[in-house]
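Chain B: place on chain A using the hints.
This is what each chain is made of:
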Amino acid sequence: MKTTSTTQPHFPWRETASAALRKLDPRQLIRNPVIFATALVATAATALFARDVMSGTAQLLFSAQIIAWLWFTVLFANVAEALAEGRGKAQAAALRSTRQQTRARRLARSGGEAYAWVPATELRSGDVVQVEAGELVPGDGEVIDGVATVDESAITGESAPVVRESGGDRSAVTGGTRVLSDAIKVRITAPAGAGFLDRMIALVEGAARQKTPNEMALTVLLAGMTLIFVLACASIPSFAIYAGGKVSMIVLIALFVTLIPTTIGALLSAIGIAGMNRLVRFNVLATSGRAVEAAGDVDTLLLDKTGTITLGNRQAVAFLPAPGVDERELAEAAQLASLADETPEGRSIVVLAKTRHGLRPRDVAALRARFLPFSAQTRMSGVDIDGHELRKGAVDAVRDYLRTLADGRVLPEAVVAGADGVAKAGGTPLVVARDGRALGVVHLKDVIKGGIRERFAELRRMGIRTVMITGDNPLTAAAIAAEAGVDDFLAQARPEDKLALIRAEQADGKLVAMCGDGTNDAPALAQADVGVAMQTGTQAAREAGNMVDLDSDPTKLIEIVAIGKQLLITRGALTTFSVANDVAKYFAILPAMFVTVYPSLAVLNIMHLHSPQSAILSATVFNALIILLLVPLALRGVKYRPAPAATLLARNLAVYGVGGLVAPFVGIKLIDLALCAIGLV
Amino acid sequence: MTFNGWLQIVVYVALLLLLVRPLGGFMHRLYVGERVWLTPLLGPVERGMLRLAGIDGREQQHWSAYAAAMLLFNLGGFVLLYGILRTQAWLPLNPQHLPNLAPALAFNTAISFVTNTNWQAYGGESTMSDLAQMGGLAVQNFLSAATGIALAFALIRGFACRGTTTVGNFWVDLTRVTLYVLLPICLLYALLLIALGVPQNFSDYTPVTTLEGARQLIAQGPVASQEAIKMLGTNGGGFFNANSAHPFENPSALSNLLQMLSIFAIGAALTDVFGRAVGNRRQGHAILGAMLLLFVVGAGLTYWAESAAPSALTHVTALQASGNLEGKETRFGIAASSLYAVITTAASCGAVDAMHDSFTALGGAVPLLNIMLGEVIVGGVGAGFYGMMLYALIAIFMAGLMVGRTPEYLGKKIETREIKLAMLAVLVAPLMILGFTALACVVPAGLAGRLNDGAHGFSEMLYAYSSAAGNNGSAFAGLSADSTFYDVTLAIAMLVGRFAIIVPMLAIAGALAAKRAVPPSAGTLPSDGGLFVALLIAVVLVFGGLTFLPSLVLGPVAEHTAMLTGGQP
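As given, the protein sequences belong to chains A and B, one line each in that order.
FYI, UniProt numbering numbers position 662 of the first sequence as 662, with every residue one higher than the one before it.
FYI, UniProt numbering numbers position 280 of the second sequence as 280, with every residue one higher than the one before it.
Treat the hints loosely; a few may be bogus.
[Unchecked claim] Have a look at the derived ranges for each label pair, beta carbon to beta carbon:
| id | chain 1 | residue 1 | chain 2 | residue 2 | range |
| --- | --- | --- | --- | --- | --- |
| 1 | A | 458 | B | 280 | 23 to 31 Å |
| 2 | B | 280 | A | 125 | 49 to 57 Å |
| 3 | B | 519 | A | 447 | 52 to 60 Å |
| 4 | A | 639 | B | 280 | 29 to 37 Å |
Calculated directly from the structure, the hints in this document are not laboratory data.
Values in this document were obtained by computation on a predicted structure and should not be read as measured data.
All C-beta atoms in this analysis are idealised placements derived from N, C-alpha and C, irrespective of residue type, glycine included.
Next up, chain A with everything else stripped away, as it sits in the complex (with noise of 0.2 Å):
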């Protein structure tokens, strides 16, 4: 998985610390329960320090301190938000600058082709504009009328041109994109300020951000823990007046902030930030962080073959002539048929018979031939020359063929038998007729992607089942899905067969993920609980998904839930890493505090800290600094390998639970023993 380090050349040292003061706004801070409390109690302490300053009593210094690390963890919580706030703001400023004030040819409504210039902002849904090359599309829309070359780099980062035209799948045009050549009449679809550019400027500051979910729940939970070290601390007064002594509210305070889960509460929603810029750096908006967190939880993913399990073209790789028919006779056959032919498998066919039987492509200008393009009807093409009646395509339609012929002839058993062995092994079959006469059949094979086996592995040892979805007939199908090894198929499929297939697996109680880009694609986006829309899909598509991936690479679904189980992994890690802190605090806290009441409870000071005093600010120091430390990790996620749920679980409690319960006894001494050596306690 790429990452980016979290140093950066310029460290935005004003813009995080000024973001950081500004979030100690009380309304910013009841965001977050933990972060309020501790924000709360460092209020009480500062006024009883006040208080304490006026009446002159002793321990100021060390008063002073621990107010000072006390709000300290407060800042490094604000500075963990900050700094993920400001790797999406850089972004956005990136797609901003691309905002410039636009100017838009609006039609009139009356039609034709008169017009008026309009600044972009007072465009709105239904406006009719005409772009020109060179010229800015000034908001999101459709084309009606048109084709043009658009360079989408501003949003995509993809130099290379794009065509959009009219009807079709890619008719969406986005605001902020360049017209290279020609012109388009563009309906505008979103009103200025709500189009797609403006939602992801939105979407990676993370001001439109709220809470997901399973935030809330957490928050919660984080919520109660707090709640209940509100309960053991407020608890201990009284029964240091049994005991016949005395607790400080400075340090009562201090075992408070400690105990409360402030690593996990000051860096949650950094976490929940960051995992939304982690896919915008692989070129994927979400369009809300519930989205990132339902590709972790995703069962079944859905992978149309063309494009994600196989390449875009197949690949002839062989002759079967049929009996009687020289393999040569069948491949010149072939290779006449396709010259004209510009698909990659067609190519593939000339190619193929240039290697096998040395048969040169012909100039196709000199052989004064007619030319068949494919066509929807005959579902066929080929060539009329020499006054041969050259024919190649699918099974069905060379069989309709022959039977619209004169005669009314049939396919030789032999030849349908030879389709039918490509069609079982995976492949395409493709018959080749001369003059009503069948010769053979051209093996046509998927060519499945590189690595992408091993992937469906992994995948399958994540616990991921997936579904391979192709317009192929069954027999094809399964053995492309047996060679991919994807776990399951759905054959000659329809967008409606997906969306069933989808809600079907949703009644089982999954989660499904999928992309698409068609219009008719957009029903079955929107049902499946993450849905990748392609960048280069139709509005229709962008809208229904939860998810855009500006690459328009389908394979990305596979990184998409890596990272959404990233973010999750991070979550839990750090949550378990932060209450398992707790354990370390109290042997630092607890005896220090009772000593004087109970001397023999010095034998829980298994650190041997220096005094209570140096051991209560070293605990609070530790549980500021710790957030600090932390907060690469948070920006950046753990690390994550797909393994199964066992495994993962063994390790990272193994690292985050058991770590977090060695790490602050090892911290916190150290840190004793700096405190010792400055002298400041």
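Frame of chain A, contents of chain B only:
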């Protein structure tokens, strides 16, 4: 420590495990409403009773209706018992002509028995008439236990059912549990106890002259019948003040073993009912495994602490070379007494066969911690199970994220609502225990009840409120609890400690029952293996421990460290 002592612990666990499967299977059939071998006999009784009460047994209740029925039923039980206690002098079966109970004591006792706590701020033989014992206390022993089991059933349905809005029918569960489980077992159990020498009669005090020539009044009564349900229902309220240390309640080592087994029997079997209900018995085994591991460690620790004779205290006669025998019955010895103490506090039973107050600091800390952890180690009938499930939910929620999925247990997503309710339930114990102990520490009425000063006196108060809030009912002795202050505050702790946990748990059951379950895959956290057991134990200890560590440090830990260093606690 002796080999025999350790063997007793091993034998006990082995016998318990033998009981789990048959009892679990039997109760699971009741849980789903299938026929059992007792049905031909008791089926008509069950149907008749339900018809008489005007209840349609097929009607399923929403969790709130289930909770309302449970609360109403328990309120009725409270009113009835309070009435009996306040009027026993005028009612029959009062051979000793005992007077009515004072309002505060009657209130405390009624709450205590309705909540399955059986905290006893009175001495049974000198306070309760036979009618109050049999018709009042024993009846509540049955019904509070049945209530607990019914609630466990409702919670199990929450995990096992999918997409329903109901969690069963309280009246049906209550009736079935009482008729098919508690009554038949107690009938046999009581007969067995009678055979072992436990009295069962309506006799007045018997005046005797002892060998030393002193005059003594020997109390008897319907002991065996009450003893059976006291143990099986993890009630713990003894017929006699000395509870199971009294030879009439617990005459021999065999009866002692039987008692210990019967405390854990139903609680342990409920984990198996759970496993069967969710279609994977290993799920139940994992829960039981976590419980028993905690139990064995606790029992071992207590036994070790009680066996070791602290060098600083060897001059005390009761602390012989063989260990700390103060407050223990020589009939049972150190191993069985330690085991009994750990069992009775692990479950919310509260019956005692030794004085926990006399345990060493560490030996007494284990029972105290057992109670504070919420009595989830097998636990009270039903209560222990749902207490452990509370921890399981929290454990899964905290660590479940670490497998890269939002947390789910048995295929059900744990979301904000469940966590909110779970935290509500978790907060009850610290609020009651720490809150009231803190109060008792500073008001004269609270301090007046202590037998000891210093850390030990603190432990006595802490133990009392822990015992009440945890519905345990065992006492650290030492504390004179029959004052208005303790009667009322302990009653509140018992009441809140029971129902403020039950109602959120039922709400969780309702929320879970409505969810669909995601089928398990390699990506879901396995909750039936050793890893989950370890995780669950860690969460119980860390979560429970962190809450109460300051109080433990000021009580038993201060005492123990003082003993180690030879100082005054």
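These are the hints, each one checked on the structure:
1. A:458 to B:280: 23 to 31 Å: Check passed, 27 Å falls within 23 to 31 Å.
2. B:280 to A:125: 49 to 57 Å: Since residue 280 of chain B and residue 125 of chain A have Cβ atoms about 54 Å apart, the given range 49 to 57 Å holds.
3. B:519 to A:447: 52 to 60 Å: violated (34 Å)
4. A:639 to B:280: 29 to 37 Å: holds (32 Å)
Violation of the numbered hints given earlier is confined to hint 3; every other hint is satisfied by the structure.
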